[in-house]
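Given chain A, work out where chain B should sit, using these hints.
These protein sequence lines map, in sequence, to chains A and B.
Those letters in the first sequence? Residues 150 to 429, per our numbering, in order.
Those letters in the second sequence? Residues 124 to 352, per our numbering, in order.
Derived by calculation from the structure, the hints in this document are not laboratory data.
A quick note: this is a predicted structure, and the numbers were derived from the prediction, not measured.
Where hints are given, some of them may not hold.
[Stated by the list, open to error] With a Cα cut of at most 20 angstroms, we get these calculated SDA-like pairs of lysine to any residue: (1) Lys250/B x Gly253/A; (2) Lys149/B x Ala291/B; (3) Lys155/A x Pro207/B; (4) Lys426/A x Leu182/B.
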Amino acid sequence: MNRYLKLVHMEIHRFRYILAALLGLVAVVQWGALVWSARRMDAALDEVEKFGRYTMYINELSDRKISYAEAIYNAQQLYILSVLAVIGTLCAYLLFVWYRDWLGRSTFIYRLLMLPSARSSIYLSKLTAIVVFIIASLAFQALSLAIGGVIFEVLIRGDRQGESYFVDIVNATLVLQYLMPLRLGDFALNYGLGIVAVLVVFTGILIERSYRWTGIAYAVGYVLICAAAIVIPINVMGMYRTSSYLYTAEIVGIELAIILFVAAVSIWLGFRLLRRKISV
Amino acid sequence: MIEVIEARKRYWRRSILQGASFTVEKGTVTCLIGLNGAGKSTLLKAIMGLTPLTSGRILVDGEPIGPAMYERVSFIPDHLTLPPSMKLWEGLRFMAEFYANWNAEKAAELMTFFRLSASDRIGNLSKGTAAKFNLVTGLALDTEYVLMDEPFSGIDMFSREMIADVFASDLIEGRGVLLTTHEIGEMEHLIDKAVLLSDGVVVREFNCEAMRVAEGKSVVDVMREAYRA
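Just chain B, with the same shape it has in the complex:
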């Protein structure tokens, strides 16, 4: 389980996070929801140790962030993370060389699924193709948790469908997934748990199915309540 405990972050005099706390369990898809500037991306980066918190703690299966964690948690940001001069096959080779849990077979499957050409240069990829390649590098790691920042941002309809298919596949099964997205409508049926962030704090944290059954509300309905109140 990933535990975010009282996470606080300040940039100059502006508070981005003001004591956000929530958990991400294995085998569930958790969606971090918030308006622009709510601190969603900052939280993902903080979990990955890419930006320090002003205060608060983050634990992965009870342990603080450390180098070994990167074999257990993978992060798929909304932009490329390999040098633009590399070709796709070189990027895959880089991942295989540096990560013990790299699954080359899975990577080949995903490359075929997304119809990516290994000889293309990373710097020449369109936004949609770059997002797909990002998913390859993130999902071909046999990690227990996957973090995704806006996987659908600026991507065409057919590519979105392909990426959404990944969520329904065994590539995600059993893993703990934490993602941020603005396309809640499209993703709602794939989400198990929603965490609503507002002004740097978690205002609602609920199981989507339980909410539907108990109160007859969709995630969007709860969002309206939380953000329009």
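One chain only, chain A, in its complex shape:
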């Protein structure tokens, strides 16, 4: 346990600069986009008040107030881009977290595999580090939205500020709806599926590292089979069809069992490969 925690600490320590840079990018892009959007809307409101000219931001029907959620909505492309940059980097990190230890002049995997503790702790530490990065990114996104709210209040005159609730802010962009689902069940499903996907990719990487060239085909096959095992039953059982033979709760139960099975097989296979088949 102690060595596992030390490995987790080391993995986080190794990624700290990249994570800090990513979160810095999120802050700069989102706050910059917010300032740009809020100013444009404020200028549009000036136009209406001074010259009676309506624009795409303020029309005859609007209440002549600007809300924080509207400001985000009008700059949502930049919000989406910044979030996708974080997701993309974390996805690339899934591969990097393993391959960097094999490649280059210094092959750290030798040392990791020669540690006097169960090799499963290598797998678990890398997985834990990824989960920590996801939670950190999510927490920072929430913080960024909160700070954005303060920036908005500073930028826009009090009498022009419209009400904005957290639900409106999250609903302002599609990416935030996925990132911060408002229902606990959706939140658990999105992030649970994400973690299972990480497990499947990790095991795919270990298959490739164990069998090398033929391993590439095995790994791709494994990832595709796992994806099919999760996706196909939803369509076959007709989760979104009213004429489905099974109740939605039953389909969800079966699907949950499949997801847990895929996760368990991935962990078991990953541990076994690390213990018996992995090659430096």
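Leaving out everything else, chain B in the frame of chain A:
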């Protein structure tokens, strides 16, 4: 004693090891000798559980490879095994944190002996300095066996002398050492036992001193016989 029993290894259709068997005893320096591609490094990695064998067994003091073995056997490969972003002192701290048998005093002695600067970054070390640092991380572990893969490869003359001095010191005494090297001439006086590997099998295994006394042959002479035959 490390026992390698009928070790076989295949990569695709190519056989690297074809039933190699030999032993490494405590208190002796055993040299695994072979031409390029003979399977020397593969054998060392297999002993350390870094590559699986197709068949065969490896026992350390009668027990198969397991996590606890890494407190009893250390491996010094021919390249660095700590992240390049670490500084040398961070590398030493890593070793101290993860190995119960890490001897910090010995590590400090070796750092001084090799004139290494703890504030240097591992990624910036030259090949020779990296080899010395590798020796520090391998020898400062109080293990019963030490495995070394080409400790002299690509290293300048003075650094080689320093590394060779280690073999004559009490850092090695009492341990079972298994090393691979192409510089047999330089190392011959330090080797107790030679294991000659050819085409994945052990073709000769002999005590160097006994060979000199009985047949008047050096290791190089026996190598000529084995590889030119």
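Status of each hint after checking the structure:
The straight-line distance between the Cα atoms of Lys250/B and Gly253/A is roughly 14 angstroms, inside the 20 angstroms bound, and the hint therefore holds. With a C-alpha separation of about 16 angstroms, the suggested pairing of Lys149/B with Ala291/B holds against the 20 angstroms cut-off. Among the hinted pairs, Lys155/A with Pro207/B is consistent with the structure: their alpha-carbon atoms are about 18 angstroms apart, no more than 20 angstroms. Annotation: proposed proximity of Lys426/A to Leu182/B holds, straight-line Cα distance about 18 angstroms (limit 20 angstroms).
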